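Student: Start from chain A and add chain B according to the hints.
Protein sequence lines correspond, in order, to chains A and B.
My numbering applies: residue 1 is where the first sequence begins, and numbers increase by one.
My numbering applies: residue 1 is where the second sequence begins, and numbers increase by one.
Don't take each hint at face value.
For identical chains, the list gives no copy identity; a pair is met inside one copy or between any two copies.
As the list claims (entries may be wrong) - EDC-like cross-link-like pairs, simulated, lysine to aspartate or glutamate; straight-line CA separation at most 20 Å:
no., residue 1, residue 2
1, LYS68, ASP3
2, LYS192, GLU153
3, LYS68, GLU233
4, LYS132, ASP194
5, LYS132, GLU233
6, LYS192, ASP216
7, LYS192, GLU233
8, LYS132, GLU57
9, LYS192, GLU169
10, LYS192, GLU161
11, LYS132, ASP298
12, LYS192, GLU168
13, LYS68, ASP216
14, LYS192, GLU139
15, LYS68, GLU57
The hints are simulated quantities; they were obtained by calculation from the structure and are not laboratory data.
Predicted, not measured: the structure shown is a model, and the values here were computed from it.
Residue-level listing of the chains:
Protein chains: 2
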Amino acid sequence: MSDPRPIGVFDSGVGGLTVLREILRRSPHESTIYLGDNARAPYGVRTDAEVLRFSMEALDELASRDVKAIVVACNTSTAVALRQLRARYALPVLGVVRPGAAAAALATRNRRVGVIATPATVRSHAYFNAIKDENPAVEVYEHATPRFVPMVEAGILGGDELEAMVLEELAPLLGERDGAGEFVFPRPPSAKIDTLLLGCTHYPLLRPILAAAVGDRVAIVDSATATSATLAELLSVNGLEAPGTTRGTAADPGAAGHSRPSEVYGAPPTHRQLTTGDVALFRSIASRMFGEAFPDIDPVTLRELD
Amino acid sequence: MSDPRPIGVFDSGVGGLTVLREILRRSPHESTIYLGDNARAPYGVRTDAEVLRFSMEALDELASRDVKAIVVACNTSTAVALRQLRARYALPVLGVVRPGAAAAALATRNRRVGVIATPATVRSHAYFNAIKDENPAVEVYEHATPRFVPMVEAGILGGDELEAMVLEELAPLLGERDGAGEFVFPRPPSAKIDTLLLGCTHYPLLRPILAAAVGDRVAIVDSATATSATLAELLSVNGLEAPGTTRGTAADPGAAGHSRPSEVYGAPPTHRQLTTGDVALFRSIASRMFGEAFPDIDPVTLRELD
Chain A
1 MSDPRPIGVF DSGVGGLTVL REILRRSPHE STIYLGDNAR APYGVRTDAE
51 VLRFSMEALD ELASRDVKAI VVACNTSTAV ALRQLRARYA LPVLGVVRPG
101 AAAAALATRN RRVGVIATPA TVRSHAYFNA IKDENPAVEV YEHATPRFVP
151 MVEAGILGGD ELEAMVLEEL APLLGERDGA GEFVFPRPPS AKIDTLLLGC
201 THYPLLRPIL AAAVGDRVAI VDSATATSAT LAELLSVNGL EAPGTTRGTA
251 ADPGAAGHSR PSEVYGAPPT HRQLTTGDVA LFRSIASRMF GEAFPDIDPV
301 TLRELD
Chain B
1 MSDPRPIGVF DSGVGGLTVL REILRRSPHE STIYLGDNAR APYGVRTDAE
51 VLRFSMEALD ELASRDVKAI VVACNTSTAV ALRQLRARYA LPVLGVVRPG
101 AAAAALATRN RRVGVIATPA TVRSHAYFNA IKDENPAVEV YEHATPRFVP
151 MVEAGILGGD ELEAMVLEEL APLLGERDGA GEFVFPRPPS AKIDTLLLGC
201 THYPLLRPIL AAAVGDRVAI VDSATATSAT LAELLSVNGL EAPGTTRGTA
251 ADPGAAGHSR PSEVYGAPPT HRQLTTGDVA LFRSIASRMF GEAFPDIDPV
301 TLRELD
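This is chain A alone, in the form it adopts within the complex:
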């Protein structure tokens, strides 16, 4: 069982490219189509009805391009619209909230998880609820960090200024450092979290500076990586993997060796990025964020729903 069709990845803007990057890393045989609704981003300031309609328009476009599964790589859209989107398409539709929440609930030892996200995502309490779904005994501390996205989109991923900002923004979650460099908690909620969930698709790009800030006693889990792992499992369970997908487990040690190359490898994967906004602007922001060229970006116009 295999399926060469591409995976659709949808985001309101460029942040979902971190999810795309993790999908390419985790599942290198898969083809992808990324759709950024940059013309109407960010969704965090939109009403729920708008987010739902915009998301349906975007997924209609991806579905019309014969994708085999869709990843909603937008926290706002996942929080507001995932259930309705799943009902609308006869395709597996995966969000970014639950995979990250499950990974954080599994990683924590002291059952205290911090979540950083945009103000809109924090207001939706999507991560709080999803972590409680996994394990109601986990205490969840959500914290909005609105200053990170502009830094990431400007390509500022390190340096003294960002470092100071990170420590300032995380202080409510981590407390303050004492003379010995340990975090102390002068006031409630005095949660000594041991796991930090990155609940915004931009934040994986800040992982090194966040890891340095929280220290090695705090696990960092990001939704982008967790979603790519869940997607790989979903494709496998549903028989949707691309031809040539490596099966590195002992379950199938000899498959590659006993098949003809054409059966094993299939056609090389293809990757396209579409934006409803300005192609040059998308390219320049994406290139700043990832430090690499994005050659295959095309404009797209979505068919509007009433």
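Tutor: Just chain B, lined up with the frame of chain A:
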């Protein structure tokens, strides 16, 4: 979209009951049928051909009982037979290896993961390969701990004798404690793991004593919990959740309130356990392990394949 049919859970013996328990905790609206092939357990001493045939016979039985999805809650069967089992049934078939491996790869900060499992599972290198699939940069240290399963099946989940055994068995993964109680590593592989994956379905019952042994700097991830999280996501994405499944996320805050109770809650879930072995023996081992009664156990005879 909802589906009231039960979830099938298969194990060679009683260990998979930890997976069943996590499924009941995570997805309390789901009905289940557990099948333990106790008459032929343990599978670790069987040939690959036997494991495959036994697994097919067991899953044929579950499939004949109209389950909507099957969890192979047996590490040996997952490692040996999962791919062929997936090809045999038009049902989602989930193993226990990849969910645990993905959770461990996400949880580690220093990219050093220890895996404890039975000798057969370690020999298969299923966890090594699955973790490398997630992230090739993670160093994986597999270690067989053959003395744990008999203790668990005897209902010995704590106490001085077990504590001493645990420290002895884990020494190759953790090193030895110095005067300050920190682990030191006198010899290679001197891996200071920060994540310990429980790669045997019996081991979650040892979690408290294992957690005390490894200390609070080491995250403990177990495949049973990880598999229940992955199953919940799979049911949701595939529209297979039981009627009345709580959707606690902000995506759907009002669904329960706006639906009629009969639509929301459906019939109460049912749970059956089947064993190919002795019912009284199954009951007594399961009751010792979990400290609770297992009233609904029935014998089953599997139809043999050629």
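Student: With reference to the structure, classify each hint as holding or not holding.
Tutor: Evaluation of the provided hints:
1. LYS68 x ASP3: within (8 Å within a copy, 22 Å between copies)
2. LYS192 x GLU153: Answer is neither; intra-copy 30 Å and inter-copy 36 Å both fail.
3. LYS68 x GLU233: Both. Shortest intra-copy (14 Å) and inter-copy (17 Å) distances satisfy the 20 Å Cα cut-off.
4. LYS132 x ASP194: within (16 Å within a copy, 25 Å between copies)
5. LYS132 x GLU233: between (23 Å within a copy, 14 Å between copies)
6. LYS192 x ASP216: both (13 Å within a copy, 12 Å between copies)
7. LYS192 x GLU233: neither (32 Å within a copy, 29 Å between copies)
8. LYS132 x GLU57: neither (31 Å within a copy, 37 Å between copies)
9. LYS192 x GLU169: within (16 Å within a copy, 31 Å between copies)
10. LYS192 x GLU161: Cα proximity of LYS192 and GLU161: none, with 25 Å in one copy and 33 Å across.
11. LYS132 x ASP298: neither (40 Å within a copy, 34 Å between copies)
12. LYS192 x GLU168: within (16 Å within a copy, 31 Å between copies)
13. LYS68 x ASP216: Result: close neither inside a copy nor across copies, 39 Å intra and 42 Å inter.
14. LYS192 x GLU139: Within. Shortest intra-copy distance 10 Å satisfies the 20 Å Cα cut-off; inter-copy 28 Å does not.
15. LYS68 x GLU57: Close inside one copy (17 Å), not across copies (32 Å); limit 20 Å.
In the structure shown, a violation is registered for the earlier hints numbered 2, 7, 8, 10, 11 and 13, in ascending order.
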